[in-house]
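Starting from the known structure of chain X, fit chain G onto it as the hints suggest.
Line order of the protein sequences matches chains X and G. Mapping of the first sequence onto the UniProt record's numbering: residues 1 to 498, in sequence order. Mapping of the second sequence onto the UniProt record's numbering: residues 1 to 498, in sequence order.
The set of hints was computed from the structure by calculation and includes no laboratory data. Don't take every hint at face value.
[Unchecked claim] Listed next, the stretches of chain G that the computed footprint assigns to chain X, with coverage defined by at least 3 CB atoms under 8 Å from CB atoms of chain X:
no., segment
1, 156-162
2, 225-231
[Claimed, not checked] Label pairs and their in silico Cβ distance ranges:
no., chain 1, residue 1, chain 2, residue 2, range
3, X, Glu274, G, Pro178, 51 to 57 Å
4, G, Gly378, X, Ala14, 36 to 42 Å
5, X, Arg295, G, Lys156, 51 to 57 Å
6, X, Glu8, G, Gln236, 25 to 31 Å
7, G, Lys156, X, Ala33, 55 to 61 Å
8, G, Glu73, X, Arg270, 53 to 59 Å
9, G, Asp325, X, Lys156, 47 to 53 Å
Positions of the beta carbon are idealized from the N, C-alpha and C atoms, including for glycine.
2 protein chains.
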Amino acid sequence: MFESAEIEHHIDRATYKAEVPALRTALLQAQYALLQQAQRALVVLINGVDGAGRSETVNTLNAWLDPRHIRTEAFDVMTEEDYRRPEMWRYWQVLPPKGQMAILFGSWYTDPIVSRVYGRDDADRFARRLERIRHFERMLVAEGVVLVKFWFHLPKKAARARLKALAADPRTAWRIGPREKAHLKRYDDFIVASDEALRKTSQPEAPWHVIDGRDEAYRNLAAGRYLLSMLQSAVQSPPPAAAATPVAAAEPAPPLDGKTLLQALDYGQRVSRERYERLLERWQGRLNALSRDARMRERSLVVVFEGMDAAGKGSTIRRLVAAWDARYYRVVPIAAPNENERAQPYLWRFWRYIPAHGRAVVFDRSWYGRVLVERVEGFCSLADWMRAYDEINAYEEQLTEAGVIVAKFWLAITPDEQLRRFRERETTPYKQHKITPEDWRNREKWPQYERAVQDMVDRTSTRVAPWHVVASDDKLWMRVQVLKTLCRYVQRQLDRRD
Amino acid sequence: MFESAEIEHHIDRATYKAEVPALRTALLQAQYALLQQAQRALVVLINGVDGAGRSETVNTLNAWLDPRHIRTEAFDVMTEEDYRRPEMWRYWQVLPPKGQMAILFGSWYTDPIVSRVYGRDDADRFARRLERIRHFERMLVAEGVVLVKFWFHLPKKAARARLKALAADPRTAWRIGPREKAHLKRYDDFIVASDEALRKTSQPEAPWHVIDGRDEAYRNLAAGRYLLSMLQSAVQSPPPAAAATPVAAAEPAPPLDGKTLLQALDYGQRVSRERYERLLERWQGRLNALSRDARMRERSLVVVFEGMDAAGKGSTIRRLVAAWDARYYRVVPIAAPNENERAQPYLWRFWRYIPAHGRAVVFDRSWYGRVLVERVEGFCSLADWMRAYDEINAYEEQLTEAGVIVAKFWLAITPDEQLRRFRERETTPYKQHKITPEDWRNREKWPQYERAVQDMVDRTSTRVAPWHVVASDDKLWMRVQVLKTLCRYVQRQLDRRD
Chain X
1 MFESAEIEHH
11 IDRATYKAEV
21 PALRTALLQA
31 QYALLQQAQR
41 ALVVLINGVD
51 GAGRSETVNT
61 LNAWLDPRHI
71 RTEAFDVMTE
81 EDYRRPEMWR
91 YWQVLPPKGQ
101 MAILFGSWYT
111 DPIVSRVYGR
121 DDADRFARRL
131 ERIRHFERML
141 VAEGVVLVKF
151 WFHLPKKAAR
161 ARLKALAADP
171 RTAWRIGPRE
181 KAHLKRYDDF
191 IVASDEALRK
201 TSQPEAPWHV
211 IDGRDEAYRN
221 LAAGRYLLSM
231 LQSAVQSPPP
241 AAAATPVAAA
251 EPAPPLDGKT
261 LLQALDYGQR
271 VSRERYERLL
281 ERWQGRLNAL
291 SRDARMRERS
301 LVVVFEGMDA
311 AGKGSTIRRL
321 VAAWDARYYR
331 VVPIAAPNEN
341 ERAQPYLWRF
351 WRYIPAHGRA
361 VVFDRSWYGR
371 VLVERVEGFC
381 SLADWMRAYD
391 EINAYEEQLT
401 EAGVIVAKFW
411 LAITPDEQLR
421 RFRERETTPY
431 KQHKITPEDW
441 RNREKWPQYE
451 RAVQDMVDRT
461 STRVAPWHVV
471 ASDDKLWMRV
481 QVLKTLCRYV
491 QRQLDRRD
Chain G
1 MFESAEIEHH
11 IDRATYKAEV
21 PALRTALLQA
31 QYALLQQAQR
41 ALVVLINGVD
51 GAGRSETVNT
61 LNAWLDPRHI
71 RTEAFDVMTE
81 EDYRRPEMWR
91 YWQVLPPKGQ
101 MAILFGSWYT
111 DPIVSRVYGR
121 DDADRFARRL
131 ERIRHFERML
141 VAEGVVLVKF
151 WFHLPKKAAR
161 ARLKALAADP
171 RTAWRIGPRE
181 KAHLKRYDDF
191 IVASDEALRK
201 TSQPEAPWHV
211 IDGRDEAYRN
221 LAAGRYLLSM
231 LQSAVQSPPP
241 AAAATPVAAA
251 EPAPPLDGKT
261 LLQALDYGQR
271 VSRERYERLL
281 ERWQGRLNAL
291 SRDARMRERS
301 LVVVFEGMDA
311 AGKGSTIRRL
321 VAAWDARYYR
331 VVPIAAPNEN
341 ERAQPYLWRF
351 WRYIPAHGRA
361 VVFDRSWYGR
371 VLVERVEGFC
381 SLADWMRAYD
391 EINAYEEQLT
401 EAGVIVAKFW
411 LAITPDEQLR
421 RFRERETTPY
431 KQHKITPEDW
441 RNREKWPQYE
451 RAVQDMVDRT
461 STRVAPWHVV
471 ASDDKLWMRV
481 QVLKTLCRYV
491 QRQLDRRD
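Chain X with its partners taken away, still in its complex shape (with noise of 0.2 Å):
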């Protein structure tokens, strides 16, 4: 992968001086035609070999285009800080929204590559690892993101002859310690790592873009004029929803008998207001036990509600954190994206909530949304919802698999039940502002939902993370077994950790 880069490269002073000035003015118009445009966000990365330029290049891009617009990380090996939440999410929380650029000194290779050298990862997790972010690439280009990887390259030799340089120079020598010595001596070993890395991670859709770096004009002069082409070509590409998937109707057939998943629940169940009070006592006890168990100080909970309008949503939710302590939890309602979430790929929103092992959240709504309102309505288009089914589950695997606890609730009612309940609010005066003329216009589309939630539970109830139905028209019986099946469900991950 590399071979391009072990010829010498060089541009001579007299040449770089006459050619900076137009690439700077051409990298600022594109700039700001992708400000302007706000399309899409274009994310550097910036990796490579110790010494090899890369802080200078992180520099120069700074210098050439307008910092303001751009959002400058740096990101090592993962600390034990890093490892309380899943580990993609630390770069989830500093993606530019569109319009905007950020640039990332080391990034989602780094770890990885460096955990592969010095033997933490074997062959098969390595391997595991690039095809996470093979996915999460692919992700970030469906959503619009336009991503430039950079690999500055060194040969062995100007690599320790650089290492040299700069520790003998008293401005530079800080930035030499023992960890980039043991990097060297293990320089042939980082070659076959990243080699692998990126042979796996070239995808069409993200290429890498390798770089000499040992002639500082060609280096920059390189890396500009690429960045300019893939601004430009971010600036002349169409929007990301005109593109289509390769074959059109892969949407899911509805059931051929019509007998759908909710249809053949038993909505018979109740539960007198006396067995109530005492079994929802018994299990919101249950649950603050389960919050001060000392194995969630490992682990973190998710829960998510999902249901139709006046299913029992909310007041389920206060009956549920009424038995945690209230520094333990968060409630996180999710109403349409505002505008700032608009300018994100569509999951940003709900990673930015995810909690720190030893803490939990409760979504009213989640980013089941995608699936649901937004396909019914038509916000997003059929490819959009249909590689979302995909996406989430992958976003729910990442979380399973940094120790997060994810349950998922369905409270299902009849439309029967929501016609009652509708009626109720309109007439009872303090429940009046919870039923809007949408509401109405929802339910009128129940056949729709009705196959969306079908669809949606046939494709993300996984063993990662079941999706839990529940019979909602009678409310003290589906709070009660709501309460049970998160307890049980939470018990049942904890011992099979252990």
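Quick look at chain G alone, frame taken from chain X:
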């Protein structure tokens, strides 16, 4: 993943009888439209739980469609014979050409799932095999193949009852052996592994369709209807070449200072005729010994020659194979694809020649035509050759993992030397057949080819299958160099595996 197939579905006899005739007519019409267009192939995968009606469905589909345009194949777990070639080889053999269909009873999912259930593969290896399948299916779809992936499900109770019924009936008792009984005992493990397989391979381009297998009428109608919708969408979709990449110009940038890999070579190396004869004999002897090395019985050898016109590929191959027993090797010259080959994914015609263990194949030009002549001449789109690097790397990785040694040579000559050889061909009577107007036309595109070679080496020279670029202005020196390099490379690969 199996939620809605756990609900018992049913179609009554009268409805079935009323619906089937129209469905059959529509299926045949769609099949013939596919055939006439000859733009896409369609592959049906039949997978699922034992006794869920997979075999019956294969028969029904063959009865409803015109079986003359369908290739039906059954695949079971891999046998020792299968392990003599890369895993995916046997599936490449049965891919239907454009316009045709294939029905695969059992598929590339069967062996990974069974191997996982019986503990032959650990979790990491299972995940890697699923990832390979994702990659394979994405490639198929990009090449215009439509995938119809059926999973026939039976709940545990129904699976047990069905097995009992089959065993009790003398007409079907033969279908239930110790294997089927062992599978049933591991029903839960099968569901866990299948859940992971379906979840990780439900890509938007190739979704799974899960069908409740209990009721024959429901099963047939559900499968037939879904197949019909996919056939119709295959016919209505635009040809695959029209599908665009999300971001336009990801084309690799040319080297900034104009210094290419090929120009950096030392073309001045020479060897005397006398020394050449001696060295040739030595390395041919070495190559012969290697072909008879006991370890080669578990390995196979693929040698690839690429180079500009008149670089000396043919004459070098003759010297190379002179070292071998005629039963050991095969030389495969690659020209422009014929009609049959154009009706298949571009890697198809190369998969066909992959040698079994203990054999060698020498390619005179190869799959690299995709990123050389097809790129330069515009025979395929930018998106096509850009994704080819990734597909070729995955292909070669599969070969090497299956024990194939892949040695790739680029024979590099200078433009001056090519001109000298062209002139010599024109003036030497017995060489005149070797020079055509096309050779002169290609020569005019030298700079484009040089860029294509540079990108090819940068993107496909990997630890798994590196490129050997050999200066070839002196034919004698080059031949010795090729034989020596090949011997040493094969030797290293044999030693590495021990």
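Results for each hint:
1. 156-162: violated (count 0)
2. 225-231: Three-residue rule met by the segment 225-231 of chain G, so holds; n is 4.
3. X/Glu274 to G/Pro178: 51 to 57 Å: Since the Cβ atoms of X/Glu274 and G/Pro178 sit about 56 Å apart, the hinted range of 51 to 57 Å holds.
4. G/Gly378 to X/Ala14: 36 to 42 Å: 37 Å, holds
5. X/Arg295 to G/Lys156: 51 to 57 Å: 31 Å, violated
6. X/Glu8 to G/Gln236: 25 to 31 Å: 54 Å, violated
7. G/Lys156 to X/Ala33: 55 to 61 Å: Since the Cβ atoms of G/Lys156 and X/Ala33 sit about 60 Å apart, the hinted range of 55 to 61 Å holds.
8. G/Glu73 to X/Arg270: 53 to 59 Å: Given a distance of about 54 Å, which is inside 53 to 59 Å, the answer is holds.
9. G/Asp325 to X/Lys156: 47 to 53 Å: Given range 47 to 53 Å: violated, Cβ gap about 41 Å.
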